[in-house]
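All chains should be built: construct the whole structure from the sequences, respecting the hints.
Residue numbering for the sequence shown follows the working numbering, starting at 1 and increasing by one per position.
Just so you know, the hints here were simulated from the structure itself, not pulled from any lab data. Hints are supplied without guarantee of correctness; some may be wrong.
Claimed, not checked - Straight-line alpha carbon distances no greater than 30 Å define the calculated BS3-like cross-link-like pairs of lysine-lysine that follow:
#1 LYS125 / LYS2
#2 LYS91 / LYS101
#3 LYS126 / LYS116
#4 LYS91 / LYS56
#5 LYS101 / LYS125
#6 LYS56 / LYS2
#7 LYS47 / LYS101
#8 LYS91 / LYS41
#9 LYS116 / LYS160
#10 LYS142 / LYS71
#11 LYS28 / LYS126
#12 LYS56 / LYS101
#13 LYS47 / LYS71
#14 LYS41 / LYS66
#15 LYS91 / LYS172
#16 LYS28 / LYS160
#17 LYS71 / LYS46
#18 LYS2 / LYS116
#19 LYS47 / LYS28
#20 LYS2 / LYS101
#21 LYS125 / LYS142
#22 LYS142 / LYS66
Fair warning: this is a prediction, and the values are worked out from it, not measured in the lab.
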Amino acid sequence: MKINQNVVLITGGSSGIGLALARHFLEKENKVIIIGRSMDKLLSVKKQYPRIHIEKADITVEEDIKVLVHKYPDVNILINNAGIHMECDFKNSSLDTQSIKQEISTDFIAPVLLSKYFIPSLLLKKEAAIINISSYFGISPKQSAPIYSASKAALRSFSKALRVQLEGTSVKVFDILSFRSFIHSIPVSSVL
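Okay, here's the thing in structure tokens:
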């Protein structure tokens, strides 16, 4: 797959791994759209990188996902990067149920729904990709982050199954294990 002249949509693109990927794709002459919940963060990135496109959306809301799909039909690379890494202790009876649901929804359900809604248009492209940013903790769970670890394990399994389903089509599916200190230095060419 060519690494330039693509239209790349990155969830959680206003900081961390998402922003690092956005910079790499911008350097390779791609149109880059970053999605985030904080308009302040998005505007800060836009000020630093004027060519980047920003979109405020909550990817845990299905209607927001549908708006993104409708607004950006030319996307040919979807990067499901947004995530929540929450530390929690199940011995603590005051564990917040809403936070657990939010983490699962952000880390697993949102990438599944984004894939579901973008795949029909991706299948029409000559070259397309879904890149799911998973985590090493999806393989070797972190004791203090059981929900995050389980969600990332689910995302890895989903990616593998989706890759097989889309075999023989123009859509390639990648599962990238994040190691926070490592991923900031990866070249785009090694992802695609």
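Broken hints, numbered, in rising order?
-> 4, 5, 7, 8, 10, 15, 20, 21 and 22
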